[in-house]
Structure formats: structure tokens, C-alpha cells
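Got chain A sorted already, so can you dock chain B onto it with the hints?
Letter by letter, the chains look like this.
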Amino acid sequence: GNSVTQMEGPVTLSEEAFLTINCTYTATGYPSPFWYVQYPGEGLQLLLKATKADDKGSNKGFEATYRKETTSFHLEKGSVQVSDSAVYFCALTGVIGGTSYGKLTFGQGTILTVHP
Amino acid sequence: DAGVTQSPTHLIKTRGQQVTLRCSPKSGHDTVSWYQQALGQGPQFIFQYYEEEERQRGNFPDRFSGHQFPNYSSELNVNALLLGDSALYLCASSLATGVGETQYFGPGTRLLVL
Chain A
7 GNSVTQMEGP
17 VTLSEEAFLT
27 INCTYTATGY
37 PSPFWYVQYP
47 GEGLQLLLKA
57 TKADDKGSNK
67 GFEATYRKET
77 TSFHLEKGSV
87 QVSDSAVYFC
97 ALTGVIGGTS
107 YGKLTFGQGT
117 ILTVHP
Chain B
7 DAGVTQSPTH
17 LIKTRGQQVT
27 LRCSPKSGHD
37 TVSWYQQALG
47 QGPQFIFQYY
57 EEEERQRGNF
67 PDRFSGHQFP
77 NYSSELNVNA
87 LLLGDSALYL
97 CASSLATGVG
107 ETQYFGPGTR
117 LLVL
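In order, the protein sequences belong to chains A and B. Just so you know, we're using the numbering used here here: the first sequence kicks off at 7 and counts up by one. Just so you know, we're using the numbering used here here: the second sequence kicks off at 7 and counts up by one.
It should be emphasised that the hints constitute simulated quantities derived from the structure, not laboratory data. As the structure is a computational prediction, the values presented were derived from the model and not from experiment. Among the clues, some could well be false.
Per the computed footprint, the stretches of chain B lying under chain A, defined by three or more beta-carbons under 8 Å from a beta-carbon of chain A, are [what the hints assert, rightly or not]:
| id | stretch |
| --- | --- |
| 1 | 18-32 |
| 2 | 35-44 |
| 3 | 108-120 |
Virtual Cβ for every residue (Gly too), placed ideally from N, Cα, C.
So here's chain A without its partners, still in its complex pose:
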């Protein structure tokens, strides 16, 4: 089955610093990668996604490019804010055995804390 490996955290940055959270995966078939964010005490919110190789997803200043050759979907932001403090999850759906049901496989999450 699919598996997702995320950069281990926690990550602590100062406001306006550059952020990278690495995500690599193993999958069969044709995976679609996602980044979800979880703010304290809340459920998961979609941050961005990609549907085919070399697609770049972007939202709220965050970006990630789907690289099939390196099986990666690293998350980046040029200038983080205190309000970006949250847990970030890389996730993957895909085709397994010719069947596509959209099951999401998640990484373990990366805690980001941004200080003023």
C-alpha cells in the first residue's frame, strides 16, 4: 500500500522566516498528493493539492510541487506568520490494484510554531 514520510518536527521559526516541510512517499499506481493543516482543537483543512506530475499547488502563500521522479511533495512558504502555527499533514490517495477509492494515507504530521 501507499506510505508517506514527513520531515520530523517540531519546527520552530521566527516570523517572516522561510519554511520547508519535506514529504516523500511510496505508492503504486497514480497517486494524488495533498497537504492538510490542523489548527489547535480543530479538524483538518485542505491547504493545497496536485493532481498530476509537475503540478504546483498553492494557497495562502504556501506552495508544493508534485515531483514524480523524486516521489516528493515538499511544502514551502517564503515568509511565515504567527497565524501559520499548526500541524501540517502530507497525504496521498492513489490507485491500488486498478481500483481507485480515494482512501487518504497520511504522514505523521509536522508541528510548526512561529514566534513573533
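Showing chain B alone in chain A's frame:
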């Protein structure tokens, strides 16, 4: 337009008891998936329902069962609760159109088993 809603928000049970969690999908969505998120971990897929049938299941025992109703809402039932079932249970809804379809999550039900 209401998003995914779940009830109850919190629940406390004792070992051996049974619990039912409820989920209403986002308007227009026909597929509901359930996930278990233990503290400090990523969500783990339990199962997915479409057209009132379970069409994919993760590595969870038969104590975990579900149901989808004609209005697409869903229930998750857990029997013979164990301490290890304590977690945040997340429901997600989507359209059954393909692999890249986004799943929208509810706020979750936090279950504590004592």
C-alpha cells in the same frame, strides 16, 4: 452552505461499552470516509461508504462498523471499547468522481475510553 458536521463533539465511555458517532456530509457530497487520529499521530483510514455500501476498509477490527443512510449521512459504531480506542474520530466527505477528489473533514468527535 454547511460543511461537514459531526456529533457529538466529545464523549466519555468505559471499557466494554459501545459508541455511535454521527456525520453529515457537505452538501452535494455522496461519499463518506472515517478516520481515527490518535494523539500526536496522523489520521488512519477506517472505512469509506458510498451508495450505502462499505467499499473500502482499513486495518481495523470488526468491532468498527458503519452505516450510510439514503441522505448520505453516516454513523460509525465501535463495540467492546478498549482503552486504545481513545482518539479523535474524523469524518470526511467527497464526491465519488476520482482519485484526486478532495475530502473535506469535519471537526471530529473526541472519544475518551476509561
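Results for each hint:
1. Note: the stretch 18-32 of chain B has 0 residues with beta-carbon separation from chain A under 8 Å; the three-residue rule is not met and the coverage is violated.
2. Residues of the stretch 35-44 of chain B lying with their CB closer than 8 Å to a CB of chain A number 3, which satisfies the three-residue condition for coverage.
3. Three residues within the 8 Å Cβ limit are the bar, and the stretch 108-120 of chain B against chain A gives 7, so the coverage statement holds.
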